[in-house]
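**Q** The residues making up each chain are set out below.
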Amino acid sequence: MHIKTGNGFEKTPLEIDQSRQVWILLHAHMRNETHASDLLPTLTTQARDPLSLRAGGAWTVEHAELMEHLCQDVTPNVRGAVGAELDLAAVTALDTSGAWLLEKLSRAPIHGDGIKVRYPSDTLVGLLTQAHKLNRCASSPEPRKAWPLAQLDRATDYMAGVSHDAVAFLHLLGAVCTSLGRIILHPSRLRLTSTVYQLFRVGWQAIPIMVLITFLIGAIIAQQGIFHFRRFGAESYVVDMVGILVMREIGVLIVAIMVAGRSGSAYTAEIGAMKMREEIDALITMERDPIEVLIVPRVLALVLALPILAFLGSLAALYGGGLIAWLYGGMSPAIFIARLHEAVSVTHFEVGLIKAPFMALVIGIVAAMEGLRVKGSAESLGRQTTASVVKSIFLVIVIDGVFAVFFASIGM
Amino acid sequence: MGENNAAIQIDDLVVGFGRHVVIDRLSLTVRRGETMGLVGASGGGKSVLMRAMIGLLPKRGGEIRIDPQIERRAVNRLGVLFQQGALFSSLNARQNVQFPLRENINISDELLDEIANAKLEMVGLTPADGEKFPSELSGGMTKRVALARALALDPAILFLDEPTSGLDPIAAGEFDALITVLQKTLGLTVFMVTHDLSSLASICNRVAALADGKIVALGSLDEVRASDHPWVRSYFHGVRAKMIHSPGQ
Chain A
1 MHIKTGNGFE KTPLEIDQSR QVWILLHAHM RNETHASDLL PTLTTQARDP LSLRAGGAWT
61 VEHAELMEHL CQDVTPNVRG AVGAELDLAA VTALDTSGAW LLEKLSRAPI HGDGIKVRYP
121 SDTLVGLLTQ AHKLNRCASS PEPRKAWPLA QLDRATDYMA GVSHDAVAFL HLLGAVCTSL
181 GRIILHPSRL RLTSTVYQLF RVGWQAIPIM VLITFLIGAI IAQQGIFHFR RFGAESYVVD
241 MVGILVMREI GVLIVAIMVA GRSGSAYTAE IGAMKMREEI DALITMERDP IEVLIVPRVL
301 ALVLALPILA FLGSLAALYG GGLIAWLYGG MSPAIFIARL HEAVSVTHFE VGLIKAPFMA
361 LVIGIVAAME GLRVKGSAES LGRQTTASVV KSIFLVIVID GVFAVFFASI GM
Chain B
1 MGENNAAIQI DDLVVGFGRH VVIDRLSLTV RRGETMGLVG ASGGGKSVLM RAMIGLLPKR
61 GGEIRIDPQI ERRAVNRLGV LFQQGALFSS LNARQNVQFP LRENINISDE LLDEIANAKL
121 EMVGLTPADG EKFPSELSGG MTKRVALARA LALDPAILFL DEPTSGLDPI AAGEFDALIT
181 VLQKTLGLTV FMVTHDLSSL ASICNRVAAL ADGKIVALGS LDEVRASDHP WVRSYFHGVR
241 AKMIHSPGQ
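Chains as they are written, first to last, in my numbering: chain A, 1 to 412; chain B, 1 to 249.
Everything hinted at is true.
List of simulated lysine to aspartate or glutamate pairs, EDC-like, C-alpha gap at most 16 angstroms: (1) 133(A) to 114(B); (2) 59(B) to 12(B); (3) 104(A) to 114(B); (4) 104(A) to 110(B); (5) 184(B) to 122(A).
Calculated from the structure, these hints are not laboratory results.
Every value quoted in this text rests on a predicted model; they were computed, and no experiment measured them.
Hey, can you work out the whole structure from these sequences and the hints?
**A** What follows is the structure, given as structure tokens:
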């Protein structure tokens with residue numbers, strides 16, 4: 001009797017069994033499994049017409065790779081067989097993975113009454129009967145959409161997301177304003193302790209890093225100005241540039257972006273984690289408004305802290321600029337201050353600081369909005385935190401642009 | 001010292017946090033192939049003992065020995081069902097079950113799916129549930145998926161931290177039956193922390209009672225129930241325990 005194998009050579013069943021044995025030994029050698037107690041799984045063809053298969057050894061998960069290989073080897077033979085028998089008497093150990101593979105083998109479609117299974121010792125039968133019941137209902141995977149349609153779907157989802165964002169933002173802004181109104185009518189509703197604590201976190205604790213960064217930015221602007229203005233002999237105008245730029249734009253913008261990254265992300269993560277752990281639901285069941293308890297103190301703290309930080313940041317930037325003008329440009333501090341007096345008016349300072357509370361409001365609302373959108377998973381917390389920082393930085397820059405247009409048209 | 005058929009042998013174990021000693025010179029033997037139930041007061045150190053046995057908490061003193069035959073195994077030494085499930089929230093249920101398989105053995109995706117589906121079915125879930133993410137699962141389903149994951153590699157020793165809490169009585173009964181079948185066929189050793197008196201009665205071969213950082217009673221449920229340690233007495237002879245064991249009265 002000869003069997004046609006995949007590569008066209010003809011082999012007797014014995015040869016096939018021999019080659020399989022070699023493969024098994026090689027496999028065992030590679031895995032360094034020479035212990036006598038874990039016998040490797042085997043699956044041999046004892047006879048053909050009717051087909052008789054004999055499984056032996058340990059059919060356990062650590063040999064899963066080998067077991068799968070063995071089953072794949074005999075499956076083509078089983079498919080064509082008329083009547084078959086699977087003898088499991090020599091199986092020494094079994095677990096669910098092994099039981100499932102043997103069960104799967106016994107389910108192969110054949111002519112006649114199906115594969116007869118001769119069960120092993122009593123102790124292993126329980127698991128095989130379990131496996132016999134498993135994976136009966138096939139799950140059909142969802143049909144996938146064609147590529148262009150899927151892309152179109154994604155585009156519409158994205159656009160819908162943008163309008164969703166706008167609505168959610170306005171909704172939360174409204175809720176915070178209502179809550180603030182209620183607090184103004186009944187000041188005792190304000191969570192003073194919480195607000196002060198948040199102010200400490202986002203204001204006081206943020207001062208060192210804000211001052212350091214704005215100091216460096218001021219110094220860099222001054223250095224670049226001196227280097228390039230020197231060609232026209234216009235070094236003294238560096239003071240005007242540093243003064244106006246820092247007061248009107250850079251000071252508040254850098255600080256707002258830093259606050260969005262530092263405190264906005266923290267707000268989103270905190271509120272998101274509270275959402276995940278059902279703390280917000282607990283608040284609602286106690287008839288406490290989460291907006292009033294959690295969000296208003298945070299937003300209020302940010303609205304108070306950002307102008308202060310922007311003010312300190314602007315000072316630090318001017319200090320940095322002045323230091324560089326002195327050390328690098330050779331302009332004495334007295335002259336720097338005198339020039340600054342001429343160049344900068346209180347208007348520039350006002351223009352800068354007026355923007356700060358609005359930026360703070362946007363950062364706070366976006367952070368809370370994204371925090372409330374967190375679903376159960378850790379991944380979603382990360383995604384919403386990223387979204388919070390990206391969206392608030394984007395909006396801060398948009399607000400800055402809108403104010404620039406506004407101040408230009410009213411002549412400030 | 002100890003029995004030669006021990007799966008886990010604990011001698012004079014001490015575990016503590018700061019100045020607080022939770023487990024105080026505790027000795028216990030978990031025999032191969034048995035189901036041991038651990039009972040104890042809430043906050044009495046049951047979970048601490050289990051975490052120390054798994055190796056998640058450092059021990060201050062004493063010794064924990066795992067049967068060398070199990071220690072020698074390549075992939076499937078321990079399976080742990082954590083109290084809250086501890087499913088990976090970024091993977092769906094099926095991927096969670098497949099994770100230990102995928103990490104340890106090299107088999108086709110088709111077989112991975114089949115084994116994962118089989119495990120999910122064994123704990124009473126459908127393949128469709130496998131698509132759900134942990135945040136979409138109910139408490140009981142989370143527990144089942146976590147059990148399926150703990151069983152993914154058919155471990156030699158299974159640690160269960162309050163496995164039936166959050167399951168309805170029918171599901172809890174099915175779970176107990178499943179453990180019994182697995183134990184018979186795999187020679188599984190099960191160590192479970194539980195408050196479920198019917199689990200204790202139906203599947204635990206032995207019960208250990210933990211109080212004051214020590215094992216105060218050990219043996220079959222009846223033997224432990226007969227103990228005259230005050231805490232054990234109030235545990236097994238309290239109102240709730242009576243309601244279970246003598247429903248007609």
